[in-house]
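A.B. asks: So the chains spell out like this:
Number of protein chains: 2
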Amino acid sequence: MKINKNYLNLEASYLFSTIAKKVSEHKSQNPDKDIIRLGIGDVTLPLSKAVVKALKQASEEMGVKETFHGYGPEQGYDFLKNGIKEYYSKHNAVLEPDEIFISDGAKSDLGNILDIFDTDNTVLVQDPVYPVYVDTNIMAGRKIIYSNSNETNNFLSMPDRNVKADIIYLCSPNNPTGAVYDREQLREWVQYALDNNSIILFDAAYECFISDETLPRSIYEIEGAKDCAIEFCSFSKTAGFTGTRCGYTVVPLSLRYDNTQLNKLWLRRQTTKFNGVPYIVQKAAAAVFSKEGQEEVLSNINYYKANAKIITDTLDRLGIRYTGGTNSPYIWLKCPNNMKSWEFFDYLLENIQVVGTPGSGFGKNGEGYFRLTSFGSREKTIEAMERLLNSSLCTTGNCS
Amino acid sequence: MKINKNYLNLEASYLFSTIAKKVSEHKSQNPDKDIIRLGIGDVTLPLSKAVVKALKQASEEMGVKETFHGYGPEQGYDFLKNGIKEYYSKHNAVLEPDEIFISDGAKSDLGNILDIFDTDNTVLVQDPVYPVYVDTNIMAGRKIIYSNSNETNNFLSMPDRNVKADIIYLCSPNNPTGAVYDREQLREWVQYALDNNSIILFDAAYECFISDETLPRSIYEIEGAKDCAIEFCSFSKTAGFTGTRCGYTVVPLSLRYDNTQLNKLWLRRQTTKFNGVPYIVQKAAAAVFSKEGQEEVLSNINYYKANAKIITDTLDRLGIRYTGGTNSPYIWLKCPNNMKSWEFFDYLLENIQVVGTPGSGFGKNGEGYFRLTSFGSREKTIEAMERLLNSSLCTTGNCS
Chain P
1 MKINKNYLNL
11 EASYLFSTIA
21 KKVSEHKSQN
31 PDKDIIRLGI
41 GDVTLPLSKA
51 VVKALKQASE
61 EMGVKETFHG
71 YGPEQGYDFL
81 KNGIKEYYSK
91 HNAVLEPDEI
101 FISDGAKSDL
111 GNILDIFDTD
121 NTVLVQDPVY
131 PVYVDTNIMA
141 GRKIIYSNSN
151 ETNNFLSMPD
161 RNVKADIIYL
171 CSPNNPTGAV
181 YDREQLREWV
191 QYALDNNSII
201 LFDAAYECFI
211 SDETLPRSIY
221 EIEGAKDCAI
231 EFCSFSKTAG
241 FTGTRCGYTV
251 VPLSLRYDNT
261 QLNKLWLRRQ
271 TTKFNGVPYI
281 VQKAAAAVFS
291 KEGQEEVLSN
301 INYYKANAKI
311 ITDTLDRLGI
321 RYTGGTNSPY
331 IWLKCPNNMK
341 SWEFFDYLLE
351 NIQVVGTPGS
361 GFGKNGEGYF
371 RLTSFGSREK
381 TIEAMERLLN
391 SSLCTTGNCS
Chain Y
1 MKINKNYLNL
11 EASYLFSTIA
21 KKVSEHKSQN
31 PDKDIIRLGI
41 GDVTLPLSKA
51 VVKALKQASE
61 EMGVKETFHG
71 YGPEQGYDFL
81 KNGIKEYYSK
91 HNAVLEPDEI
101 FISDGAKSDL
111 GNILDIFDTD
121 NTVLVQDPVY
131 PVYVDTNIMA
141 GRKIIYSNSN
151 ETNNFLSMPD
161 RNVKADIIYL
171 CSPNNPTGAV
181 YDREQLREWV
191 QYALDNNSII
201 LFDAAYECFI
211 SDETLPRSIY
221 EIEGAKDCAI
231 EFCSFSKTAG
241 FTGTRCGYTV
251 VPLSLRYDNT
261 QLNKLWLRRQ
271 TTKFNGVPYI
281 VQKAAAAVFS
291 KEGQEEVLSN
301 INYYKANAKI
311 ITDTLDRLGI
321 RYTGGTNSPY
331 IWLKCPNNMK
341 SWEFFDYLLE
351 NIQVVGTPGS
361 GFGKNGEGYF
371 RLTSFGSREK
381 TIEAMERLLN
391 SSLCTTGNCS
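Residue numbers (this note's numbering), protein chains in the order written: chain P, 1 to 400; chain Y, 1 to 400.
Please keep in mind that the hints were generated in silico from the structure rather than gathered at the bench. Everything hinted at is true.
Below 30 Å or equal to it, Euclidean Cα-Cα: the simulated BS3-like pairs (lysine-lysine) are:
hint, chain 1, residue 1, chain 2, residue 2
1, P, K65, Y, K49
2, P, K164, Y, K2
3, P, K2, Y, K264
4, Y, K21, P, K264
5, Y, K65, P, K380
6, P, K65, Y, K21
7, P, K65, Y, K27
8, Y, K22, P, K65
9, Y, K49, P, K53
10, Y, K65, P, K49
11, P, K33, Y, K65
12, P, K21, P, K334
13, Y, K309, P, K65
14, P, K164, Y, K5
15, P, K53, Y, K65
16, Y, K85, P, K2
17, Y, K380, P, K65
18, P, K65, Y, K291
19, Y, K49, P, K49
20, Y, K5, P, K264
21, P, K22, Y, K65
22, P, K53, P, K305
23, Y, K33, Y, K22
Let's have the full structure, built from the sequences with the hints guiding it.
C.D. replies: If you want it as structure tokens, here you go:
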């Protein structure tokens, strides 16, 4: 038996293990110091009351013969698909239930969707990049090209008509940069895809953080997108489902390549290699769309947004440039004093015991940048920012 | 963008849609007749009390900040891996926690595992076959060869030293035939795999139905299997988790091909394309291994086994030959009077309104055979068998 040798081309990622090692070393040398982690990409608030209530009710149902649920439809129950359809309609995106596939998370589907594409396709990712887009394609042996997101384009790279890409990943609001495409920019990407017979894989996992109503929350708000884009979304950040696992993928019925309807291919993939999301989890996700659920999850999102504002207000006072923070849980800042990413990491850890994520870990354009997140607690976020204001970084005179 | 054209080689499966169509036609023509379905592959008993209790407790935890669980380890929590390790140790199979990967079900992993194998491998499946083994490999463009399971080998095909296979699927207890390999037979397969540098993908989804203690419940009961086999198992049939979704895959640390540890490749695949099983579901699965949980799930398994005995006793009285039914939830019978599979299907539906699954739907060796399952209710199973005894099939004089 021969293994898939493409796996041997994967680079080991030392980003998070190096962070862990440095933090643990600092801790052992300074046992009395309190370290604050603002690098975390996971939510910290618990599930909302409406969601917990739905989980418990559905669990009870599963214990009674008459209301027990065995195998469900692989693509998800209608009660949840209809909730998602309605949610999208509020953002002027019209979906059919058959276009929505319930999944156990955006990450799974972003990887698995590649099953239905030929290996012989050129993949375009933006640098800095969420590493999963790269690794899943290395595993399949696809050619990967990079589009530079940097200061000159506000970390929102635009299509280059001289470059031919078949599969294009877009993440907006972006992880790690927090930058968000506006309608005009997405229109340009959609037009490029239509003109080049390309497909856009649109990662909308952070759409719920968009406050600015002029910014698109779904690529399907753009005309023509249903002919060239698949969208991935998740309850992870919307409703704190990182440990509860539910997401969804939209494959429009009109999406056709090689005279083949992609929706049919994906349905075949899912019915063959997937058995659906737990009934109880789908009931919990549906509760997110109830009146009570919407109020509660919005309150949680607003909590994180207030954390983000505390961070960006502080960066403003320090005169540190950044993207994100307003329509995104991520704040992507330019390291002060021309420090490199890891230099700034060490500076923060050693001087004020704050931990973030070095931007260079997301690609070459990330060098000299740094990612902070708003998913921590209010108290810790405030304290970390106070430490920052009291640090030697304050040179403007109006910091503290 | 070019699609994966291998998908176009998939044959549409009309088995279950044809059954549904025939049943619905019969119903509309005979609205007063009560149809009994014994073709169902899904469980019908609700989740056990201990499992529901664990689900509700874990749901409560998720609603409280201090006990909330976000992202967990992709390969599963230790509390569940340790439960599985202990379960295996009772069947003389010694596993390390790092060899166990918690998944959302055996079907997902049986498909996804192919990611880590080269396309250029020859796959051996047994005919009759669970269609997922075939379809997942057609999707990847692998060459598939068939090993005939039929009356001459009691539906347990053995390795042919003249045939070279790289990837070998074995399912024991078998779906659809209910046949179970004994130790000596599995030893022969393990030896073949070791001699040919092949890998065995061992589907143990029905192991909990084995009553005969001389029969192996895990391939790791066989010496050498840890050097040539991956095992897939599930809580679906063990504990009624078909709609709750939890399974596990064992990739031994000693498993090496092309000088590469498969365990590391699979870990990389899972951390890249999967985000773990819901915390609440893992807690529920762990409750299956509690004293209370074990008693309850065994009671459910015994309920299905008693159904199986009612079916096999009836077949014995009718003089109909079959495999399975004693160590398996499936009963695979030879259609009486040399009927073909669909002929017998029509006979049962039209004369006694009992629905099963035509064996020909599982491959050419299934022609002339028929699958019944023990997952129905006691009452319906008894009634279906009474109808069978009172049918024109009773020619032995001692049926009713």
